[in-house]
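Chemist: Each chain, letter by letter, is given below.
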Amino acid sequence: MNQENILEVRNISKSFGAVRALSNVSFTVGRNEIVGLVGDNGAGKSTIINLLMGVYQPDEGEIFFEGKRVTFASPRDTRATGIEPVYQSTAVVDLMNLWRNFYLGREVTRSVGPFRVLDKAEMKKKSIEMMWEIGVHVREADESVQYMSGGERQSLCIGRCMEFSGKMLLLDEPTAALSLKETDKVLKFAESVREKGLSEIIVDHNIYHIYPIVDKFVVMGRGHKVTELRKADVSAEDVIATLMKL
Amino acid sequence: MGYGANPSQVASKRYSWNKLVTRPESGVTAGLVVVWTLFYILSPKFLWPANIGSICTVAAEMGIIAVGMAFLQISGETDLSVGSVYVFVPTIMVQSAQALHLPVFVGFLIAMVFAALVGFVNGTITLRFKLPSFIVTLATMMLLSGLLLAITGGFITQVSDENLWFTILAKRFGDFRISFLWMVLIVLFFHYKLNSTRYGNWVFATGGNETIARKMGINTLKVKMTNFIVCSVLAGFAGCVSTARVYSVNPSVGFDLMFDAMASGIIGGCLLTGGRGSIIGTLLGVLLLSSVNSGLILAGASPYWYRAFVGAIILAVVIINLVVVGGRRGKVAK
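In the order they appear, the protein sequences are chains S and W.
Counting in the working numbering, the first sequence runs from 1 upward without gaps.
Counting in the working numbering, the second sequence runs from 1 upward without gaps.
Calculated from the structure, these hints are not laboratory results.
Don't be surprised by glycine CBs; every beta carbon is placed ideally from N, CA and C.
Any given hint might turn out to be false.
Here are the simulated DSBU-like cross-link-like pairs (lysine-lysine), alpha carbons at most 30 Å apart as the crow flies [what the hints assert, rightly or not]:
#1 S:231 to S:181
#2 W:45 to S:126
#3 S:68 to W:193
#4 S:68 to S:231
#5 S:125 to S:68
#6 S:120 to W:130
#7 S:196 to S:120
#8 S:167 to W:222
#9 S:188 to S:216
#10 S:196 to S:126
#11 S:120 to W:222
#12 W:45 to S:124
#13 S:126 to S:216
#14 W:193 to S:126
#15 S:231 to S:216
#16 S:125 to W:130
#17 S:167 to S:245
#18 S:68 to S:126
#19 W:130 to W:45
#20 S:196 to S:245
#21 S:124 to W:130
#22 S:124 to S:68
#23 S:125 to S:196
#24 S:181 to S:167
#25 S:245 to S:216
#26 S:125 to S:188
#27 S:196 to S:216
Partner residues are not named here, just some residues of chain W that face chain S (Cβ under 7 Å, in silico) [claimed, not checked]:
#28 128
#29 132
#30 196
#31 201
#32 215
#33 217
#34 218
#35 272
Here are a few chain W residues that sit away from chain S, every Cβ distance over 10 Å (derived from the structure) [to be verified]:
#36 44
#37 207
#38 271
#39 297
#40 299
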């Protein structure tokens, strides 16, 4: 496989009972490339994201990451590979505070004698710093996330993604349910990924949101890949027109 | 530039006060102070060392069960079979040692393996078939207690000779017993596990929202399975401690203790649905219940009042937790 590509999805299919959610879909994500995954509801975008996140496994087909064949049996596998997700619905545990959520599954520890103890001071400091960097001015890392706004909660997920961004990010409708200002921040973050040398797949219904930041569109329709459009060749209106024709 | 401003002293004071009262242990601490004051006024003997010693002895056995149960409950499951395990396990310890002419300590090890097995079975059925643990453990509770009654014919299993292991578990020193120390060690260990280790964070997340915990890469099934086993093993250990104290096992006790252990957790700030709770709070809940038990006797009330009192305390503390604590934190959405 081409070493320029960080991810290659080859001929994957997935059915849920009688419903064929994906049939024979292939696409690639290049190193340092941002791919916009677009399509109407039911096009199969979420299924692709869930397959990459390890929530489901494909019935057929293969996934290659950095040239090696990979299987994502669980979200743990995906994160361990270096793919960091931001979910459509904010993935925070309401009953837990900011730093516990921020570092969930990636807790920082320090040695105290023979014990590995959570480095709470470090996690509190870093999680607050990350929140400020995104523009959410929280004071207390002990604050429960259930009193945060939708935007603040999504910012937490984005911040987490920034902190742990391994090699590739998966953003599944990261701007759903956000205010204009918050959307702007999230999109700025989504674009900043390129400067850091990472790759990204972003799903969004609003073509105008992602047109400025992506390199290429993968257009989905009814479980099939309809076409691939390089941004250099098309305008945002062209992409929308393609979608409307489906 | 506004966001760089330091919060005023007043605001930060108010904030730390809020933080204090929203801790899961706040309700039970208040309850403990009230109950102790009340019983001290009714009978000054309440705070005599002999009485404190007896409170601690009761609290030790109840506490060991309650800690395991709280740990499991915070991860979102429950175990009703602890009462049956509490009597079944020490019966195995004593009977296997007697039948095979082994030291009691070896019998204890065999019994602990059995306790772990019960937890494993509870966990496997619950997690494999995605059943509510309430139902699964209700069934194993009845299964085990019925089995034990059938095996023993309902008779008390006696231990005749003194042995070193029982001394280690529950030797008496003046008004106190070593079992209280065991309980304190267990409380400290699980408090540390829950609050200061990665595993503890996973326990909170698993109980708080299992779907999200799994998405963040946590093996929630493993967390729950571990906690089922921990809960059973601690219940079995508590049973052995009790046996080491009284040198016998009565197969028909245990049910009450299961309810007391569960009540202690709830009083101590554990959510029945998981995701929130405290081991220290649970310990305070245990102390509250065992204080009420001995306080009522000293105050000259019939011990039958105990259960009614516990009922009232559960309601009071839960309402305090919800109204006072919940009110300060703002309405909980969903």
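Chemist: Compare the structure with each hint and give your call.
Modeler: Consistency of the hints with the structure:
1. S:231 to S:181: holds (25 Å)
2. W:45 to S:126: violated (53 Å)
3. S:68 to W:193: violated (38 Å)
4. S:68 to S:231: holds (28 Å)
5. S:125 to S:68: Answer violated: residue 125 (chain S) to residue 68 (chain S) is near 37 Å, above 30 Å.
6. S:120 to W:130: violated (34 Å)
7. S:196 to S:120: Distance of about 27 Å is within 30 Å: holds.
8. S:167 to W:222: Cα-Cα ~28 Å, so holds.
9. S:188 to S:216: Satisfied, since the Cα-Cα distance of roughly 17 Å is no more than 30 Å.
10. S:196 to S:126: Satisfied, since the Cα-Cα distance of roughly 19 Å is no more than 30 Å.
11. S:120 to W:222: holds (24 Å)
12. W:45 to S:124: Measuring from Cα to Cα gives roughly 47 Å; hence the hint is violated.
13. S:126 to S:216: violated (34 Å)
14. W:193 to S:126: holds (23 Å)
15. S:231 to S:216: Satisfied, since the Cα-Cα distance of roughly 5 Å is no more than 30 Å.
16. S:125 to W:130: violated (39 Å)
17. S:167 to S:245: violated (35 Å)
18. S:68 to S:126: It is violated: about 33 Å lies between the C-alpha atoms, which goes past 30 Å.
19. W:130 to W:45: violated (51 Å)
20. S:196 to S:245: Violated, because 36 Å separates the two Cα atoms, which is more than 30 Å.
21. S:124 to W:130: Distance of about 36 Å is beyond 30 Å: violated.
22. S:124 to S:68: violated (36 Å)
23. S:125 to S:196: holds (23 Å)
24. S:181 to S:167: holds (27 Å)
25. S:245 to S:216: At roughly 19 Å apart (the allowed maximum being 30 Å), residue 216 (chain S) and residue 245 (chain S) satisfy the hint.
26. S:125 to S:188: holds (23 Å)
27. S:196 to S:216: holds (18 Å)
28. 128: It is violated, given that the least Cβ distance between residue 128 (chain W) and chain S is near 17 Å, above 7 Å.
29. 132: violated (20 Å)
30. 196: With a minimum Cβ separation of about 5 Å from chain S (threshold 7 Å), the hint on residue 196 (chain W) holds.
31. 201: Constraint on residue 201 (chain W) satisfied, holds at 5 Å.
32. 215: holds (5 Å)
33. 217: holds (4 Å)
34. 218: holds (5 Å)
35. 272: Since the shortest Cβ distance to chain S is 13 Å, the answer is violated.
36. 44: Non-interface label on residue 44 (chain W) holds, nearest chain S Cβ at 41 Å vs cutoff 10 Å.
37. 207: About 8 Å separates residue 207 (chain W) from the closest Cβ of chain S, which leaves it inside 10 Å; violated.
38. 271: violated (8 Å)
39. 297: Since the minimum Cβ distance to chain S is about 39 Å, residue 297 (chain W) lies beyond 10 Å and the statement holds.
40. 299: holds (39 Å)
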